[in-house]
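Q: Those sequence lines, one after another, are chains A and B. FYI, in this note's numbering the residues of the first sequence are 1 to 264. FYI, in this note's numbering the residues of the second sequence are 1 to 264.
Just so you know, these hints were derived from the structure itself, not from any lab. Computed from a predicted structure; not experimentally measured. Just so it is clear, CB atoms sit at the ideal spot from N, CA and C, and this is done for glycine as well. Treat the hints with caution; some may be incorrect.
[Claimed, not checked] Computed footprint of chain A on chain B, listed as stretches where at least three residues anywhere in the stretch have a Cβ under 8 Å from a Cβ of chain A:
1) 72-82
2) 174-186
[Unchecked claim] Anything over 10 Å on all C-beta distances counts as not near chain B; from chain A, calculated:
3) Leu29
4) Leu30
5) Leu164
6) Trp180
7) Leu188
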Amino acid sequence: MTSETVRVTSGTGIANRIPAVVPRYLPLLLLALGWEALTRTGLVPTSALPPLDTVARAWYELASSGDLWTNGVASMTRGAAGLGLAIAGGSLIGILMAWYKPVRAAVNPIVQFFYPMPKSALIPVMVLWLGFGDASKVVLIFVGCLLPVTLAAFNGARGTDEVLIWSARSLGASRARVLWEIVLPSALPEMLSGIRTALALSFVLLVSSELIVARQGFGYMIGWLGDGGAYDAMFAVVLTVALLGFAADRLYLMLVRRILAWRE
Amino acid sequence: MPDAAHIVIDRVSHEYRPARRRPVLALDDVSLAVGEREFLALLGPSGCGKSTLLYLVGGFLPVEQGAIRVEGRAVDGPGPDRGIVFQHFALFPWKTVMQNVLYGLEKKGLPREERLRVAREFIELVGLAGFEDSYPAQLSGGMKQRAAIARTLAIDPSILLMDEPFGALDAQTRSLMQAELLRIWQRSRKTVIFVTHDVQEAVFLAERIAVMSARPGHIKEIVEARFDRANPELLRSRQFVEMVDHVWNLVRGEAILAERSGAA
């Protein structure tokens, strides 16, 4: 509370926050400088690690040709579809598992068994069943992200304070209403952190599946550029994916902070 | 015994069955009648089953042995005729004070304007005007309990169940809240069952005090405590002090028993 007040009164908004961001990400800047230095001095051959400025130039070319954009849109659409389905499905399954014993008995062993399995092992299976197009990637991401969300929703819902349920019931809420109005929001903090894990996982599964079989997407570009020896362009795509993953995570955290503002 | 019994507890026993441990008899053959508009305290040492009895009346736990009737009908689950206030407030943390108070009014199906009017009225009654938009996390313990009381009173239950409602508050706040509760009760005249282990609190608030034994709980004695509560000197009057002494003597032996059996 107090630190919040101090920040609001002493700062003039964004102008005061920018200098704070610079030292926080200083290690990243040093890493970039180190990269440049290693390649410029010839300590590392440019065939293994192209200098950052040539990577930047390659990025600019990929971006202006529209290749980066079309492949990026393809990838992001797959990722969003798979993750979105996993969030919807996982939340529903997890909460129903917590609320209805028969659902728990039926689903729990399956979840337990498949949870530790590396989902990338399913890539060839998905291709066999669904072909080379979008469906195999979307379903892979869905399957991979489903369990972290399911487990988080399950644990969150099971942790619902009993007296909140009792309060709602004595205020006139039906059991079904309680599930939606009390159990779901109680589970939300844990669900949101499960979804964050799933978000990171979706990038992993997206790129690795596209790397193996695809005709479009970031992973496909990385594979294809690497095979063709265009290492600077390949690194440009790798860095783009890294940056997008980072931005998605930051944006997600901001969203979570807004949703959970009541926790103070 | 008051003539028009509002709540009848008829030979109720209750067993707790914790997972992987031996069942514990919490209540042993409890019978009690609470009159219409009566303020009754359930007083007893920790672990004597007084909260369990309250939860049975509330319909939160199933009545397995004996019967509980409210207005002649057997209790079957929670209902808005029996409002409850818990020791740890049980406010919905993701809702503001206003939204918490509105919750039960929405369930009642009141039109929007009417809901807002009633909610404001009760927020004002408990002295929380100006805090309508605060989240529970932003309130002190006393304010949280005021909000919880407003939420329960707003739906106008004929019975008010209170489970050590001031037990989590500091001494000063507690005595303030006790006086507030009496003021509110004198205006609304609901049937109240007030669970406490604080002798002075029970004597100060209740017209009758049901003293419970250590586990397994049963009613040891029922004490009438009818004072002129408008008297500001009441707490220092000989009559009051003697009553506290008398009740304390009844409870002391039980508290020692409870202490020895290690009941939490």
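Q: Now tell me if each hint is right for this structure.
A: Status of the hints after comparison with the structure:
| no. | hint | in the structure |
| --- | --- | --- |
| 1 | 72-82 | holds (count 5) |
| 2 | 174-186 | violated (count 0) |
| 3 | Leu29 | 38 Å, holds |
| 4 | Leu30 | 39 Å, holds |
| 5 | Leu164 | 6 Å, violated |
| 6 | Trp180 | 13 Å, holds |
| 7 | Leu188 | 8 Å, violated |
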